[in-house]
Amino acid sequence: MDHIPTFLQSKLSLGQSAAAEISPGLVSAGDFQAILPALVFIATGTLLLMLDCFTRGLSHTDETRKNRSSLSTAINFLGLLGTVVAGACACASMEQADPSLAFQNYIRVDSFSSAVSLIIILGTFFSLLAAIDYLKRFDAEHGEFHCLVHYAAASMLLFVQANNLIMLFLAVETLSMAAYLLTSYLRDSRRSVEGGLKYFILGSFSSGFLLFGLTLVFGATGELELQEIAKSIAGGEADRSLLLAGMALTVVGMGFKVGAFPFHSWLPDAYEAAPSVATGFMSVTVKSAAIAVLLRFLLLAAEPAGEAGTASVTEILSSVLSLLAIATMLFGNLVALMQNSVKRMLAYSAIGHTGYLLVGIVAALGPGGELAPDAVIFYLLPYTLMSIAVFTLLGYMGRDGKDRELFEDYRGLSTSRPALALCLLVILVSFAGIPPTAGFWAKLYIFRAAIAGGHTWLALTGILASIVSLYFYLRLVVNIYMRPAEEELDADPDSSLASGLVITAAAVALVILGLFPDLEFGSLIKALGK
Amino acid sequence: MTLSLDLCLYLCAAVFSIGVYGVLSRQNIIVILMSLELMLNGVNLAIISFGRYFITPEGSALSGTGASSSQIFVIIVLAIAAAEAAVGLAILLAVYRRWRSARVSDMRLLKG
Amino acid sequence: MDKWIFLIPLLPFLGFLVNGLLGRRLGDRAVAIIGCASVAGAFAISVASFMQVYDAKPDTFLQQDFGAWIQAGDLSVSFGLIIDSLSGVMCLVVTGVGLLIHVYSTGYMKGDAGYYRFFAYLNLFMASMLVLVTADNIVLMFLGWEGVGLCSYLLIGFWYKGLANCSAGIKAFVVNRIGDLGFLLGIFAIWAACGSFEFSAIVAEAPNIDSSAAFWICLLLFVGACGKSAQIPLYVWLPDAMAGPTPVSALIHAATMVTSGVYLLARLGPLFDAAPGVLTIVATIGALTALLAALIAFSQNDIKKVLAYSTVSQLGYMFLAAGMGAYSVAIFHVVTHAFFKALLFLGAGAVIHSLHHEQDMRRMGGLRRRLPWTFALYLIGGLALSGFPLTAGFFSKDEILHIAHSGFGNIEPRSVLWSIGLLTALLTAFYTFRQIALVFFGSYRGASEPQASEESAAHGLELDKVKESPLSMRIPLIVLAALSLTGGFLAIPHFLQPGIEIPEDGKISGLIIGGIVSIAGIAAALTIYLRFPQALKGFLSSAPGKLAHRLSSRKFYVDEIYQKLIIRPIAIIAEICFYVVDRLIIDIILVHGSSFGASALGHLLRRLQDGRTPTYAAWFLAGAILVLAVTLWAAGG
Amino acid sequence: MSITLTLLIPVATALLLLCIPKDKTAELRITALFGSLATLAFSLALLGGFDAQYGAGFQFTEKHEWVPSLQVHYHVGIDGISLFLVVLSALLTPIAILCSWKSVEKRVREFHIALLLLTSGVIGVFVALDLLLFYVFWEVMLIPMYLLVGIWGGTERIRAAVKFFIYTMAGSLLMFLAILYLYQHTGTFSVEDIYQKPPLTGTAGLLCFLAFALSFAIKVPLFPVHTWLPDAHTEAPTAGSVILAGVLLKLGIYGFIRFAIPFFPEAAVLAAPWISVLAIIGIIFGALMCFVQEDMKRLIAYSSVSHMGFVVLGLFAFNEQGVQGCVLQMVNHGISTGALFLLIGAIYERRHTRRIIDFGGLAPVAPKLAIIFFITTLSSIGLPFLNGFVGEFLILQGAYSRNIFYAAFAGLGIILGAIYMLTLYRRIFFGETDREENAEMKDLDGRELAFLLPLVGLMVFLGLFSPWFTAKVQPSIEVWMTLLLERGG
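Residue numbers (this note's numbering), protein chains in the order written: chain A, 1 to 530; chain B, 1 to 112; chain C, 1 to 637; chain D, 1 to 489.
These aren't lab readings, by the way, just hints derived from the structure by calculation.
Hints are supplied without guarantee of correctness; some may be wrong.
[As the list claims (entries may be wrong)] Computed beta-carbon distance windows for the label pairs:
1. C:His-549 to D:Glu-349: 49 to 57 Å
2. A:Pro-484 to D:Ser-2: 48 to 56 Å
3. C:Ile-512 to D:Val-460: 38 to 46 Å
4. A:Asp-139 to C:Ala-618: 48 to 56 Å
5. C:Ala-618 to A:Ala-43: 38 to 46 Å
6. A:Arg-240 to B:Leu-11: 39 to 47 Å
7. C:His-549 to D:Phe-461: 52 to 60 Å
Yeah, the Cβ is synthetic: ideal placement off N, Cα and C, and Gly gets one too.
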């Protein structure tokens, strides 16, 4: 990672050249190519919705169960296929090194957005895979699930690619709406709908702040396009206090999406409420997208260096974010310490991980920050694998329509399911950031970037938070490995192949990535391409 | 008489704040939904004000794409607000079916 | 001969290995043969080496080096052995007395379940002692030094079923270790000062060492010597060491090991000469120890305890001599003391053996008729110890007193110490013959007197069942008795320090005074205990008599003082450290405290999440306002 | 290649074990044993091929690119200091497997896998010449150890395991931060390269040193961060205790030697008196703790605190004798304390109690046990003729040269050591055999002798022929001292 990310190198020059290329009123094929993965998601999502709608009567009549199951097989298959195709498209776009703009600069495709897109697609794929078992077991095989996931994925891809405030807001809202619905997906469950409601109210509330922030930025600079905003700020044309207020509110809004303290409060409840597969999906993809966008927004839209004497916008935002990062890391990990439910513990630990990611963002904003974006991307990858796997496990453990979420429920897992326990051990070790797993390198890159940027205190706080986090990850290990089961876990549910696949694949990937951390996305894709 | 930008912004801030207050203080989910709409509309007002501000008396744009874009922005926000309201009501229905209540503070299963 | 001196320690060591590993299968007879033969071999080689050294010119020695033992940087310690006049004499004493005691033990230990173990330990002891004596460097000497300490521990606790024996062993080992720490530090100081551990190099370097360094080196080494040779304040272990089998007491705790402190001083004589301050301390401690132990010996009732305190007292004499710079005289006393004290111990052993392990003198008496041989031999030993004219003890002890009185070399006369020494000589004669009177004269009390302690094994043995011990035990006694009578005529000081000049004036008068004192003591004891026991009882029941007796019999409360001032506090400190420092402060307050703090904080923060959406929104709003405020404040500032 | 093979064989064996059905315990044990013996053979090959006169630098080095973007390399090699530690680690593994032959009944396969992975991790720490590689091994080995304590340990095992893990991780995470800081400063993870760069000085250097030192001090363990050790030792299965005492504690010292001190010489010299004082407190404190213990394993654990204090003291004397003694004493302590744990394990296997008060009079019942225990005790209290003395002698000589009071106070530990060890011995083996269970106790069998006698042999061998050892270490120590001087220590 010794190179400066390409998207950053061409940051300003691109703005100028792109401006010359604008040909108003025309939508070219290239434009569609740029958003192809998102289009594939939208297309499959719509197709699945149609399929579900027009066959719903079929599935609810007294027709044989066979029909119903073949229908869901078809839906599952289609969903996964769509994801794979989208992934392939994203891989293809990864090939092109130079950033490109589309739809009158509303969309910007560069290596950063492609990398994050791939992570999102990966997360989507794994979630859909895990959902096959889960939905069957919880008898919740409605077509909307796939449709919602696909739409959410599509909006996340657009979110990541957004180069314009309007696009940004549009994408984040569609994404959020899908997420609200996913949370309350188990609509017969009180918890699920309660979580959905809370998520919705607070989400909309934060959207208001986000929109206000974006508006103020727009008002201060007169621009909607990120590069133009940067230029305007650099040129000193922008109204400084208006701009700062706007940036601050944007950070608040985005802070909500990533789950930073004190904007986190929706997160534990929503995570607990949502069906485990959906929690896994949201926890990785929504967070990845939001973190990526926050980083991109701050990098692209803020001016590179401040005038002498006054603190630059970047510097101010960076110190605000440092405070948020510290609070988030400590809060998440400390509260996770006190949870009795594994799912809630994971929710709080997710908040903690947000804190680490914010450290990466802070590092990216400062001098010497060219390492940080890659560090953030690298962090997202193992995080995606770990989260999905562990939420899949939560789903797998569920029996009779109930989650088994307490720590005690995991006792003796290592004797009844040794292979699964081993995978889980790997995953938890990775969560704790211990080699030889990918989680270790993720933390390494982040903290290294922080130290390179002179944010040693942030790194120190991160280390302290990590020490706290050891305890609750270990607590699960203790229950799995060291305490005998009070009651034998029932036999494997008939459908657990996909869950097992997800967990195993994640564990193996984490180890491989831990042993060969230089297998970055880029090189991986290149290796596949050749 | 021309409305100065500052005045417009104060107005929209006030509308936004009323919305915020509503969300914070109201128990009825319907009212909260309305308050949320109020927040978005307050911001909408600001966008429009900015758009107007970016157009000089001569009718040409003061800066960049701002002036025309603001109108697009507003329309999109309106659309989003509508969609959001739909989603919100859907969730509200589900909640009401399960909880037989529309008081937001009743839902306290998830906490801690 | 110099090719073979390594066999001196090695033969007993091989004996140890064979007996220790195979002894159980070999049977008692073979064990005894191996044990004695290995020591006899060592004795033979010692004699041969000694003759070679003796015949040759002064300052010759035999040396053998077997390469490095410890090496680090410029520090190097080798396995090097040396036989010169000093170590030659010591070798002879050690192997000679050792051989006799081995022979004696074959009879004494007969039938004991740990027969092979006993001989293995004894052989190991011989090996260590011989390493100690023949080492050519101080670190190797330390190996022997610790080795004999270990064997002492093992042999004191030989009858390990009695926990008291084991505790006595531990006490001996630990008190020795305290001295050893001083010794070790002294070794380090020597290396710092001389850059070498070899005796020859140290002695050569001794005059160049600056005086304060020399003072500290010698003081530290003397601490080591105090431990091993049972001087104040580290003498307390020796009386307890009598828990071991009697041959052990004779060999280790009288004849050989306990004298190694004196040997150390003699070895490094020139070094100590460079530290006159330490010599004063040595002489003073020696004299005081001699007196104190003699006073305690007065009222002991255990036959071996009397001898043990007497040993401490005699060692005091040796240190007095060494403190006067007359190392050769000290060694002279070591040699004669080895003879007569071994004789006494073995004689006491014979008595004990005959009485089936009865050690309490109050339950003895009148044994001279039943045990005529033992009585005669014991009497010779007693005379020698009392310094009866022309016995071995007479010459060596009076030489010491004479030197103290007249000064030696550069050392001024120390008349106070001399008078203490003289007083002690009187006391020595007195308590020795008190013992003889109690054991051999009077009437037998074994059947009547109630048992003094539960440990004594004999249960009212009838006098006519008391039998003389076997021949294997008697022969060594005879040899030792002969040596005790004639040993005084060996001119050891002149052999060891060829240029020695013991001031002649007043020597004869000194001898006469010594003789008179000794005879006076003997006479007094015999008179009081045999003729006027009632007067004694009268005196003891008077107030000053009671006090004196109590002080003496309770050993001046030294053990109790140590217990109160050192051992108890350490135990209390250990408890406090464990429960307060380790458990409470470090583990509970700091370690668990920090985790508890984290949990408490977590618990507190958790309450933010109260489940009510408006609360959540309020926190959100507060956060937003805070972020806004910080941003604008930072921009303004 | 030999180092890599030594590292990989345990891992390969562990993978092989995964292929054997879990109920075939005999096959599992034999496979693990052979794997560990092969590791031992390779480590002995290293010992045989080691060239004491090689001069500066490391031998058997291998260097391959691992993470190019960070310039992390798979760079391994050994010098005289790490040589014997590698051999010791490889030696203790088959012993640990043998001593668990009967005592570990549950989850045999996982047990051996954990043990073998632990071996690899530990050896990796000793051979790594890349700071990050070192750190990876350093943490990797924690997990198997954690599981060993937590799964196969005694009644309080979970608490002990978690305490062990969090204690050590807390230290090592701070070190992790310091490693990254150092990397930022020097731009490399290569240990040899860092040796060549100008050292970090001032506050930054001091803080980094402290972070390293804390991590290593916890592992050693140095007073006052030792409280995890008694718990971990007491609860760990015998094999775990053996490896823990024999090897894991050495990692801390090794870390000081290889990393903390040469990286930050200025800070190390500044901190040396403080650390020495802590070491001395540890020596005395650990020994005093032994007086109060009721559980023999816990007693030995506290005695380890005391002994490791000596080792630290020798190291921070910063002279040839002290460092030489430190290296030697590390190995000595591994052998003798390892043997003590094995013996206590053997007793526990027979009597299922470790409370000292339950014993007494074992000497006539189990003479072989008594003799070996006694020799080990003597080795532990530093009796000349056995290994412990040479190490302690050199350490104290080194400490004396640094400051006479260090040696004097540390020497108290020797006295106290004699008291508690001999008392322990007395309480277990001497006295009347008054309990029936004790009277019926079996003596050591052939299997136990097979792993105890080599250790006893080593005690005697190192006690008599220590130059064989020190000659191999000496050149490396000279290089180390020069390095320290060059870097301003």
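Comparing the hints with the structure gives:
The hinted window of 49 to 57 Å between C:His-549 and D:Glu-349 holds, with their beta carbons roughly 56 Å apart. A:Pro-484 and D:Ser-2 have their C-beta atoms about 43 Å apart, which leaves the hinted 48 to 56 Å range violated. The supplied range of 38 to 46 Å is broken by C:Ile-512 and D:Val-460, whose beta-carbon atoms lie about 57 Å from each other. At about 38 Å, the CB distance of A:Asp-139 to C:Ala-618 disagrees with the hint of 48 to 56 Å.
The supplied range of 38 to 46 Å is met by C:Ala-618 and A:Ala-43, whose beta-carbon atoms lie about 42 Å from each other. Here the CB-CB span from A:Arg-240 to B:Leu-11 is close to 22 Å, at odds with the stated 39 to 47 Å. Look at C:His-549 against D:Phe-461: about 56 Å separates their beta carbons, and that is inside 52 to 60 Å.
Violation of the numbered hints given earlier is confined to hints 2, 3, 4, 6; the remaining hints are satisfied by the structure.
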